[in-house]
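Residue numbers (the numbering used here), protein chains in the order written: chain A, 2 to 504; chain B, 21 to 197.
The set of hints was computed from the structure by calculation and includes no laboratory data. It is possible that some hints are incorrect.
[Stated by the list, open to error] Label-pair restraints from in silico Cβ distances:
(1) A:E311 x B:K134: 42 to 52 Å
(2) A:F140 x B:A101: 15 to 25 Å
(3) B:H128 x A:V153: 53 to 63 Å
(4) A:L141 x B:H105: 28 to 38 Å
(5) A:G36 x B:H105: 49 to 59 Å
(6) A:V342 x B:K134: 35 to 45 Å
(7) B:K134 x A:A478: 36 to 46 Å
(8) A:D27 x B:K134: 52 to 62 Å
Small disclaimer: the values here were computed from a predicted structure and weren't measured. Every residue gets a Cβ at the ideal spot worked out from N, C-alpha and C, and that includes glycine.
Chain by chain, the residues:
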Amino acid sequence: MAALIDLMLKGHKVQQHGPWPRVVVDAQQWEFAAGELQQGRWGLLGLWGEPSTVHMAIMDPFATEILVVSLDCPDRRYPSVGRHHPPALRLERAVNDLFGLSAQGLPDTRPWLDHDRWGVRFPSGDRINGPSQAMPYRFLPAEGSGLHQIAVGPVHAGIIEPGHFRFTASGETVVRLEQRLGYTHKGVEQLMIGASLERAVQLAGRVSGDSTVAYAYAFSKAAEAALELGAPDRAVWLRALLAELERLANHLGDIGAICNDASFALMHAHCSVLRESVLRASGSAFGHRLMRDIIVPGGVIGDLDDAGTEIIQAMADNIRLRFPALVELYDNTASLQDRTVDTGVLKPALTRQYAAGGYIGRASGRSFDARRALAYPPYDSLSFEVPVLSEGDVNARVWIRIREVEQGLSLIDQILNRLPEGRLMTPAGDRSEAREGMAIVEGFRGDVLVWLRLRDGRIERCHMRDPSWFQWPLLEAVVENNIVADFPLCNKSFNCSYSGHDL
Amino acid sequence: MRKLLFDSLFRRPFTEQAPSADGAAVIELATMVGRAARRRLGRSLSIREVDAGSCNGCELEIHALNNAYYDVERFGLRFVASPRHADVLMVTGPVTKNMREALERTYHATPNPKWVVAIGDCARDGGCFAGSYAVVGGVSDVIPVDLHIAGCPPNPTDMLQGLLALLERVDINAVTT
Numbered sequence: 002m003a004a005l006i007d008l009m010l011k012g013h014k015v016q017q018h019g020p021w022p023r024v025v026v027d028a029q030q031w032e033f034a035a036g037e038l039q040q041g042r043w044g045l046l047g048l049w050g051e052p053s054t055v056h057m058a059i060m061d062p063f064a065t066e067i068l069v070v071s072l073d074c075p076d077r078r079y080p081s082v083g084r085h086h087p088p089a090l091r092l093e094r095a096v097n098d099l100f101g102l103s104a105q106g107l108p109d110t111r112p113w114l115d116h117d118r119w120g121v122r123f124p125s126g127d128r129i130n131g132p133s134q135a136m137p138y139r140f141l142p143a144e145g146s147g148l149h150q151i152a153v154g155p156v157h158a159g160i161i162e163p164g165h166f167r168f169t170a171s172g173e174t175v176v177r178l179e180q181r182l183g184y185t186h187k188g189v190e191q192l193m194i195g196a197s198l199e200r201a202v203q204l205a206g207r208v209s210g211d212s213t214v215a216y217a218y219a220f221s222k223a224a225e226a227a228l229e230l231g232a233p234d235r236a237v238w239l240r241a242l243l244a245e246l247e248r249l250a251n252h253l254g255d256i257g258a259i260c261n262d263a264s265f266a267l268m269h270a271h272c273s274v275l276r277e278s279v280l281r282a283s284g285s286a287f288g289h290r291l292m293r294d295i296i297v298p299g300g301v302i303g304d305l306d307d308a309g310t311e312i313i314q315a316m317a318d319n320i321r322l323r324f325p326a327l328v329e330l331y332d333n334t335a336s337l338q339d340r341t342v343d344t345g346v347l348k349p350a351l352t353r354q355y356a357a358g359g360y361i362g363r364a365s366g367r368s369f370d371a372r373r374a375l376a377y378p379p380y381d382s383l384s385f386e387v388p389v390l391s392e393g394d395v396n397a398r399v400w401i402r403i404r405e406v407e408q409g410l411s412l413i414d415q416i417l418n419r420l421p422e423g424r425l426m427t428p429a430g431d432r433s434e435a436r437e438g439m440a441i442v443e444g445f446r447g448d449v450l451v452w453l454r455l456r457d458g459r460i461e462r463c464h465m466r467d468p469s470w471f472q473w474p475l476l477e478a479v480v481e482n483n484i485v486a487d488f489p490l491c492n493k494s495f496n497c498s499y500s501g502h503d504l
Numbered sequence: 021m022r023k024l025l026f027d028s029l030f031r032r033p034f035t036e037q038a039p040s041a042d043g044a045a046v047i048e049l050a051t052m053v054g055r056a057a058r059r060r061l062g063r064s065l066s067i068r069e070v071d072a073g074s075c076n077g078c079e080l081e082i083h084a085l086n087n088a089y090y091d092v093e094r095f096g097l098r099f100v101a102s103p104r105h106a107d108v109l110m111v112t113g114p115v116t117k118n119m120r121e122a123l124e125r126t127y128h129a130t131p132n133p134k135w136v137v138a139i140g141d142c143a144r145d146g147g148c149f150a151g152s153y154a155v156v157g158g159v160s161d162v163i164p165v166d167l168h169i170a171g172c173p174p175n176p177t178d179m180l181q182g183l184l185a186l187l188e189r190v191d192i193n194a195v196t197t
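Please work from the sequences and hints to get the whole structure.
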């Protein structure tokens, strides 16, 4: 088995890139990496563009080594990774839409984020004003007698984000689901270019509202890695507290929402109350219910006082008291289990291939959790379990979240008990040369990756990869052969981000 | 389940347990919204939510309006699944270029009389996303807006307050026209 270190030694190492190395490789080495991904020896963490460069972050299967490989492509072409390794397909389509870099051999060349509405092509690369080719978007065919199509979205029936789902069904059974996303594309990465750190972290915190803490956290860690800056201890611990509160609120809300999609409103009502208690405690302690704009490069803005500590502790104690009855209710309601058990099964092999993170991965046998695998502080000194199941159905994803609620409560206790005193911010020094940094942070949905290059205190390029990129395609796979009525359950148990993906 | 339901029989509703001054304000506000909605629309105001490109933060807080603490449905304020059933469109986000047509079509699918409430800072003028090649701007750049509720995201109390303001305006219009 080739080790990442071999690839690294063959490439040209870039200075000022932390904490993991970045190497510039040639096309042959790029293709070699694609082959290793295809063989399942490495996992793909991300693939993104610059006006004449493509980058790819890869990880060995044990998450002990992470490497960014870069390929210069002055002629705007590079060998497709997606041709060998399907998880890269949508990423390469997006790179083409935004930068005009075309992946040679890419089997699917339809646009992805570009819906022909921007009035400009390749907005982040060599811009061409005017519309894209006026071609109707062709959905992949599913043929057979008696098949019918169901088109849903972009405006959905619930209070959720916009996206389009095209089902082909045989009677009640889904034969194929194809997603079309990109409706919430806001051009965030382009807005980042030239932005100050203050504005950039604000934008990062608005990539995906339910993960505002995770994004600000990952962005700040990436900026600190670039600037070789360490946040003070108290800030490091407060960040973890914020991240656990966000995880807790989302898990509680979603456990109820999944049950609600099986028309079991009682769970939803009770879980919503618990979720609200987390938001209220967060609002009282930190001044914002979703804890937005608190984590910044260098530390955190806003301290936790004694009153705030008490409020959060009381909230956690209350959930610890009330939650077990809900778990019992979920576990003992046969009509509900009938809907969730064996529904939307995600096979472990697909999970591994896509390196899918979060509860989706952990419910299908992939134990990766950035808090454990990368052990970034303070998680290296906190005690917690990473629950893993292998069934891969809706039920397993619910149970992973239940266990993570329990672990989250324990983590909140530990953090409150051991929160160090001290400063909240380390001021960023003046660094004028180009410096690059990357960070991976475990959000509630999975690992959020941020890569950036700073120059003169401003963002030269910043890429943010939502965990959903490697989860959305799997939803297409799990829905196959399920009945249409179970799609909401499958979808909610995944709860992928639209805005985080569309960016 | 029976045990949980039984417990609920003897526990006071969450809606009355709001401990802070904030909570009291919610109840007062919610009652006022309820009264105004009844006058105008006979205890029924149907709301269709449209995410025109938001980060999803506003949606989270709109969801919260339905939880037991705020419970807007007790006043006849209901979130419906289709614009054809709606009196109010609640629109979030900077309107992205990719969502512009969907928003217009949703607006035209909503029967008159109808009102549009733009939710959140981005919905006013695009917020921190203004100026992007992929963003049109605020909701009023695409469809007429009757009311804007600020915040990033506005909390549920702010939204209740906003709905009240809208209903009062609706009442004035009803008198003058």
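Here is what the structure says about each hint:
no., hint, verdict
1, A:E311 x B:K134: 42 to 52 Å, "46 Å, holds"
2, A:F140 x B:A101: 15 to 25 Å, "24 Å, holds"
3, B:H128 x A:V153: 53 to 63 Å, "19 Å, violated"
4, A:L141 x B:H105: 28 to 38 Å, "33 Å, holds"
5, A:G36 x B:H105: 49 to 59 Å, "54 Å, holds"
6, A:V342 x B:K134: 35 to 45 Å, "43 Å, holds"
7, B:K134 x A:A478: 36 to 46 Å, "40 Å, holds"
8, A:D27 x B:K134: 52 to 62 Å, "60 Å, holds"
Of the numbered hints stated above, the single one contradicted by the structure is hint 3.
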